[in-house]
Amino acid sequence: MGALTEDMKNRIRAFLPKYPRKQAVTLPALHLVHDELRTVSNEAIVEIAEILELHPSEVQDTMTFYEFYKGEGQKNGKTRLWVCRGLACMLRGAYELIEHCESKLGVKCGHTTEDGTITLEFAECIGACDGAPACMREDVHVMNVTPEKADALITELKLK
Amino acid sequence: MPYEPVLLARIDKPNSSKLEGYRADGGYATFERVLKELQPAQVIAQVKDSGLRGRGGAGFPTGLKWTFLPQNHPGPIYLCVNADESEPCTYNNRILMEKDPHQVIEGIMLSCYAIKSKCAYFYIRYEYGDGFRSMQSAVEELYAAKLLGKNILGSGFDLDIVVHRGAGAYICGEETGLIESLEGKRAWPRIKPPFPAVEGAFRKPTIVNNVETMACVTQIMKLGNAWFKSLGVPPDPKNPRDAGSYGPKLYTLAGHVEKPICVELPMGVTIRELVEKHGGGVWKGRKAKAVNPGGLSMGFVDVNAKLKDSDLTEYDIPLDFNGPGRVACLGLGTAAVTVIDDQTSMVDVLHNVCQFFSHESCGQCTPCREGTGWMLKIVDRLRRGQGRKEDLDILVDVADRIGIMPGTTICGLSDGAGWPVKTAIRKFRAEFEAAIKSGAKSQYAKSLEVVGAH
Ligand SMILES: Cc1cc2nc3c(=O)[nH]c(=O)nc-3n(C[C@H](O)[C@H](O)[C@H](O)COP(=O)(O)O)c2cc1C
Ligand code: SF4
Ligand code: FES
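If you're matching them up, the sequences are chains G and A in order.
Every position in the first sequence, counted from 1, becomes a number in the numbering used here once 4 is added.
Every position in the second sequence, counted from 1, becomes a number in the numbering used here once 9 is added.
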C-alpha cells in the first residue's frame, strides 16, 4: 500500500508528454497529491520521485521552497481559508478581518480547527484587490468580506 | 468623447470566455489571416514598429525582445506567458484571463507563429483558480476545434499550449524565477546573462511575456499599428532613449477609492484623473495622502508635493512609462494604482510593504535576504513606538544599496523592496520623525506572525 493510488499515479504520468523534462511535472504532481490528500507525506514524495525519475530529495527540495505545501506531519483541513493581508486589503480592514477569523475559529493563521474542517491562512495579495478585503476559499476568491460574511462562510464550511 | 475600450470590450458579454462568442466577435480571424498572408518575420516587424512595450512591469519593447532570439535556431523555442501577477495591488491580468481568455490566447498564437515556437507554457499563479479554469477550458476548446495541435488549418504550423500552475510565490513572476519554477525547481532567479532569449526554459531560447502584452499583440495584429500609435504618448524628443508609451493600458484602482475597478484608457492618464473620474474619488469624502502608482515595488507619490515650477502636484503626473520616474518612483510598473487616505499612518503602510518583501525574498542574495528582513524589523520597531532617530537614515541607506541597479543582487525583487522604503521616508519624513518623537504605538502593533520565507 503506497501513499498514492494507481489512479493518481496515472494522472501524474499523463502530465509527462507536455514537458521536455520529467522534472517539470514536479509542481503539477505536488498539486495533484496535495489537493487530494491535503498533505504530501515523505512516502508520497518518494513515489512522485519514482515517476519523475528524480531523487526524492530533489522533489523535497522544490516542495519546501513553496511554503504553500504541507509536508510530513502537517495536514490541511477540509477547506483552506485564506485571508489576504496585502496593502489594498489592509487599507480596507484585512488585519481586523484576520483577527476576527482567528478568534472565531480559535486558531492562528497557519493552523487547522480542532474538528479538521478549516485551515486558516494569511495570504499576500491574491489579486482580488477590487474586492478588498478579500479571502480565498481553496483557490476561489471571495470578495468584499465583512465580518458577517466571514461568519456565514465559516458556518457553511463547517457544515460541509 | 469617452474612450471606447478595446482590450476590455468583451468582458461584460454573457459567456465572454467561450470560443463561440469570441468567434462571433471576429475572434481568430486575425490569426487565420496572418497564417495565410504573413511570414513570421513580418509579424515581428509589425509588433516592433507598433511601439508595444511589455506590460509586465519593465516596459521592454516587445518586438525588440523577440529579435534577440538566435537566428535560424533549430528549436525548440519556447514562449512562457507570465500570468504570475503577484505584484501587490495588481489585478488586470486576472480580468483578461477570467473574462476573455481567447483574446489572450490569440495573442499567444500570433506570438508563437512570429517567434517560431511550437510550445507555449502559460504560467499562472495558483491563487487564480477561476483564471486557471477559464484558460484551461479555452485551450481545450481550441484543441477540439483543431486550432491548436498539429498542422493548424493545414498551414504546417504546430502549436501546443500548456497551462501550468504556480504555488504561491511572488518570485515566480521574475522571468528566470518563473523558468526555474516551470522546470520543477526552487524559483531561484538566474544570473543574467544569458538572457532567456538565448538560454531560457529547459536551456532553450525562450521569450517571456506578460498576459496583457499578449492581448495587445492580438489587437495590434487586428487593428494595426496606426490604431495602436494613435493612443498614448509619443517618445519624448528630449530623451533619445525613450521608446514612447503607445497604446491602451489596463489600470487597476485599489485601496481608498470609492470604486476599486480596472479601467482601460490610453497610456498617460494622470493619477488625479484616474482616481477622481474613474475611481469615484477618495472614499468617505476624505483626501488622498499618498498613492502607489504601479504596484508596491514602484514606491510612493506624495499627492501634496508640488512639482517644480508649476501649480501641479505629484498627483498630476501621467501614468506612462516616464511619468512616475519624474517624481522619484521606480517606474510605471504594473500601472496598479493604490490610494492611501489622509487618515492612514505611513508607518503602518510601510510596515505592510516591508512585511511583503521580507516574506517573498527568495533568499539567494545576502543583501536582499538580510536587507528585507532588517528593514522589516526596523519598521516594526517604528510602529511599536520604539523607533530611534537614526532608524530613518538606516532604512534609506539599506534601501539604496539592495538591488540590481546598485548591483548587489541577482534580481529586481530587491530594487522593488527598496523603492517604497526610500520614497516613503524621503517624501513623508516629517510623519516618520513625529512618530519616533511621540513614541506612539500603531493600532496594529500586535503584529502578525512573520512565518518562513519564499
Ligand atoms: C520580483 C519580480 C516579480 C515580477 N512579477 C511579474 C509578474 O507577476 N508578471 C509579469 O508579467 N512580470 C513580472 N515581472 C517582470 C518579468 O520579469 C518580465 O520582465 C516580464 O514578464 C516580461 O514580460 P513583458 O515584456 O511582456 O512585460 C517581475 C519581475 C520581478 C523582478
Ligand atoms: S534579489 Fe532577492 S529575490 Fe532576487 S534572487 Fe536575490 S534574494 Fe532572490
Ligand atoms: S491586497 Fe488583498 S487582494 Fe490584493
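Do not rely on the hints blindly, as some may be mistaken.
Pairs of lysine-lysine, DSS-like flavour, derived with a Cα cap of 25 Å [to be verified]:
no.: 1; chain 1: G; residue 1: LYS26; chain 2: G; residue 2: LYS108
no.: 2; chain 1: A; residue 1: LYS315; chain 2: A; residue 2: LYS213
no.: 3; chain 1: G; residue 1: LYS22; chain 2: A; residue 2: LYS125
no.: 4; chain 1: G; residue 1: LYS108; chain 2: G; residue 2: LYS82
no.: 5; chain 1: A; residue 1: LYS194; chain 2: A; residue 2: LYS22
no.: 6; chain 1: G; residue 1: LYS108; chain 2: G; residue 2: LYS79
no.: 7; chain 1: A; residue 1: LYS155; chain 2: A; residue 2: LYS45
no.: 8; chain 1: A; residue 1: LYS293; chain 2: G; residue 2: LYS26
no.: 9; chain 1: A; residue 1: LYS247; chain 2: G; residue 2: LYS22
no.: 10; chain 1: G; residue 1: LYS22; chain 2: A; residue 2: LYS159
no.: 11; chain 1: A; residue 1: LYS286; chain 2: A; residue 2: LYS296
no.: 12; chain 1: A; residue 1: LYS247; chain 2: A; residue 2: LYS159
no.: 13; chain 1: G; residue 1: LYS13; chain 2: A; residue 2: LYS155
no.: 14; chain 1: G; residue 1: LYS26; chain 2: A; residue 2: LYS45
no.: 15; chain 1: G; residue 1: LYS153; chain 2: A; residue 2: LYS293
no.: 16; chain 1: A; residue 1: LYS450; chain 2: G; residue 2: LYS26
no.: 17; chain 1: G; residue 1: LYS26; chain 2: A; residue 2: LYS296
no.: 18; chain 1: A; residue 1: LYS431; chain 2: A; residue 2: LYS317
no.: 19; chain 1: G; residue 1: LYS112; chain 2: A; residue 2: LYS450
no.: 20; chain 1: A; residue 1: LYS194; chain 2: G; residue 2: LYS79
no.: 21; chain 1: A; residue 1: LYS127; chain 2: A; residue 2: LYS247
no.: 22; chain 1: A; residue 1: LYS315; chain 2: G; residue 2: LYS26
no.: 23; chain 1: A; residue 1: LYS213; chain 2: G; residue 2: LYS22
no.: 24; chain 1: G; residue 1: LYS108; chain 2: G; residue 2: LYS22
no.: 25; chain 1: A; residue 1: LYS268; chain 2: A; residue 2: LYS238
no.: 26; chain 1: A; residue 1: LYS315; chain 2: A; residue 2: LYS57
no.: 27; chain 1: A; residue 1: LYS446; chain 2: G; residue 2: LYS22
no.: 28; chain 1: G; residue 1: LYS112; chain 2: A; residue 2: LYS201
no.: 29; chain 1: A; residue 1: LYS159; chain 2: A; residue 2: LYS127
no.: 30; chain 1: G; residue 1: LYS108; chain 2: G; residue 2: LYS153
no.: 31; chain 1: G; residue 1: LYS22; chain 2: A; residue 2: LYS155
no.: 32; chain 1: A; residue 1: LYS27; chain 2: G; residue 2: LYS22
no.: 33; chain 1: G; residue 1: LYS112; chain 2: G; residue 2: LYS13
no.: 34; chain 1: A; residue 1: LYS57; chain 2: A; residue 2: LYS194
no.: 35; chain 1: G; residue 1: LYS22; chain 2: G; residue 2: LYS79
no.: 36; chain 1: A; residue 1: LYS268; chain 2: G; residue 2: LYS153
no.: 37; chain 1: G; residue 1: LYS74; chain 2: A; residue 2: LYS201
Quick caveat, the hints were computed from the structure, so don't treat them as lab data.
Okay, the hints, checked on the actual structure:
no.	hint	in the structure
1	G/LYS26 <-> G/LYS108	violated, 44 Å
2	A/LYS315 <-> A/LYS213	violated, 49 Å
3	G/LYS22 <-> A/LYS125	holds, 18 Å
4	G/LYS108 <-> G/LYS82	holds, 17 Å
5	A/LYS194 <-> A/LYS22	violated, 40 Å
6	G/LYS108 <-> G/LYS79	holds, 21 Å
7	A/LYS155 <-> A/LYS45	holds, 16 Å
8	A/LYS293 <-> G/LYS26	violated, 54 Å
9	A/LYS247 <-> G/LYS22	violated, 49 Å
10	G/LYS22 <-> A/LYS159	holds, 14 Å
11	A/LYS286 <-> A/LYS296	holds, 15 Å
12	A/LYS247 <-> A/LYS159	violated, 49 Å
13	G/LYS13 <-> A/LYS155	violated, 29 Å
14	G/LYS26 <-> A/LYS45	violated, 36 Å
15	G/LYS153 <-> A/LYS293	holds, 22 Å
16	A/LYS450 <-> G/LYS26	violated, 52 Å
17	G/LYS26 <-> A/LYS296	violated, 55 Å
18	A/LYS431 <-> A/LYS317	holds, 20 Å
19	G/LYS112 <-> A/LYS450	holds, 23 Å
20	A/LYS194 <-> G/LYS79	holds, 23 Å
21	A/LYS127 <-> A/LYS247	violated, 41 Å
22	A/LYS315 <-> G/LYS26	violated, 57 Å
23	A/LYS213 <-> G/LYS22	holds, 16 Å
24	G/LYS108 <-> G/LYS22	violated, 44 Å
25	A/LYS268 <-> A/LYS238	violated, 30 Å
26	A/LYS315 <-> A/LYS57	violated, 37 Å
27	A/LYS446 <-> G/LYS22	violated, 60 Å
28	G/LYS112 <-> A/LYS201	violated, 41 Å
29	A/LYS159 <-> A/LYS127	holds, 9 Å
30	G/LYS108 <-> G/LYS153	holds, 12 Å
31	G/LYS22 <-> A/LYS155	holds, 17 Å
32	A/LYS27 <-> G/LYS22	holds, 24 Å
33	G/LYS112 <-> G/LYS13	violated, 34 Å
34	A/LYS57 <-> A/LYS194	violated, 33 Å
35	G/LYS22 <-> G/LYS79	violated, 30 Å
36	A/LYS268 <-> G/LYS153	holds, 20 Å
37	G/LYS74 <-> A/LYS201	violated, 33 Å
Violated hints for the displayed structure, listed by number in ascending order: 1, 2, 5, 8, 9, 12, 13, 14, 16, 17, 21, 22, 24, 25, 26, 27, 28, 33, 34, 35 and 37.
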